[in-house]
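Visitor: Just so we're aligned: the sequence shown equals residues 1 to 250 in my numbering.
For the record, the hints were derived by calculation from the structure and aren't laboratory data.
Hints should not be assumed to be uniformly reliable.
[To be verified] Pair ranges (Cβ atoms, derived): (1) Arg233 <-> Lys80: 51 to 61 angstroms; (2) Thr195 <-> Arg233: 27 to 37 angstroms; (3) Leu198 <-> Val236: 54 to 64 angstroms; (4) Asp220 <-> Asn110: 15 to 25 angstroms; (5) Thr195 <-> Val236: 52 to 62 angstroms; (6) Glu68 <-> Arg233: 45 to 55 angstroms.
No experiment lies behind these values; they were computed from the predicted model shown.
All C-beta atoms in this analysis are idealised placements derived from N, C-alpha and C, irrespective of residue type, glycine included.
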Amino acid sequence: RSVQCDFRLRSFAARCDILPSYDAELAFFYSKMATERNSSDSANSQVQNRPQASANSRSPLTKAEFLERYPWAPEWSGEKHRPVDDLWVFEYDHPPEDVWPVITDTSTLNRRLELPAMTFEERDGKLFGTATYAGVFSEWEEIPWEWEHQRYLESARLYSKGVAFYVRGVFMLEALPGNRSRYTVYFGWIPRGVTMRLLLKIGLGRLKERYGRVVGELIDEHVEQAQAQAELREIVASAGRPADADAGGV
Numbered sequence: 001r002s003v004q005c006d007f008r009l010r011s012f013a014a015r016c017d018i019l020p021s022y023d024a025e026l027a028f029f030y031s032k033m034a035t036e037r038n039s040s041d042s043a044n045s046q047v048q049n050r051p052q053a054s055a056n057s058r059s060p061l062t063k064a065e066f067l068e069r070y071p072w073a074p075e076w077s078g079e080k081h082r083p084v085d086d087l088w089v090f091e092y093d094h095p096p097e098d099v100w101p102v103i104t105d106t107s108t109l110n111r112r113l114e115l116p117a118m119t120f121e122e123r124d125g126k127l128f129g130t131a132t133y134a135g136v137f138s139e140w141e142e143i144p145w146e147w148e149h150q151r152y153l154e155s156a157r158l159y160s161k162g163v164a165f166y167v168r169g170v171f172m173l174e175a176l177p178g179n180r181s182r183y184t185v186y187f188g189w190i191p192r193g194v195t196m197r198l199l200l201k202i203g204l205g206r207l208k209e210r211y212g213r214v215v216g217e218l219i220d221e222h223v224e225q226a227q228a229q230a231e232l233r234e235i236v237a238s239a240g241r242p243a244d245a246d247a248g249g250v
């Protein structure tokens, strides 16, 4: 199922089979936007042109291969806009249906990564965010996110102040043999000057190992919680079952 909208939307996310546990400000904004926007022609054309994670892929992409297949938009390409970027590949001993709820619950993931808190507000039908990164105040417009359930999501931010001019994130999830998953993450910033380029390089290098570890921990916690809930439901169901049901009606 292909959708173009912010995946943190509560009411719309429920219809898209996506875990609806995200920021209240974003949920309000995109629930309003979803009822007002005409997404047919524009959304369809953008969805058709976005990256597709191949379920048959067995070799991880290199960053060069990724950028060849999924290049930056022309307005952010060229020597003038050299990005600070990296491609990360993680593999987990869980199927995509266990990984997807973790990587889409950005509120929990950001808290566990100890990233700076973000504040959002709606202005003139658009969503704007602010945060302070490494002592630098940043302000941006949140571009509606795109995703395909349990396979792909992409985010983008257009900055007016702060560390960058533009930020792009691409997240691809694919099934591997043995009930496992490969999670491919691309982050790219168009930095605002030499100093911001250096800060972003340092921050990106420090984040990689922590990101993969935290996602793995959250997946394990999610699976344990789901198992506990299933066991609790079984206990409740058994407690409410008539006595002769367990005896085969004898």
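Visitor: Given a hinted range of 54 to 64 angstroms, is it respected by the beta-carbon distance of Leu198 and Val236?
Guide: Between Leu198 and Val236, where Cβ atoms are some 56 angstroms apart, the hint holds.
Visitor: Lying within 52 to 62 angstroms: is that true of the beta-carbon distance Thr195 to Val236?
Guide: Holds - the Cβ-Cβ distance for Thr195 and Val236, about 58 angstroms, lies within 52 to 62 angstroms.
Visitor: Assuming the hint says 51 to 61 angstroms, is it satisfied by the Cβ distance from Arg233 to Lys80 or not?
Guide: holds, 57 angstroms
Visitor: Determine whether the Cβ-Cβ distance between Glu68 and Arg233 falls within the hinted range of 45 to 55 angstroms.
Guide: holds, 48 angstroms
Visitor: When you take the CB atoms of Thr195 and Arg233, is the distance between them in 27 to 37 angstroms?
Guide: Taking Cβ atoms as reference, Thr195 and Arg233 lie about 54 angstroms apart, which means the hint is violated.
Visitor: Holds or violated: the 15 to 25 angstroms window for the beta-carbon distance between Asp220 and Asn110?
Guide: holds, 19 angstroms
Hint compliance for this structure: hint 2 alone is broken.
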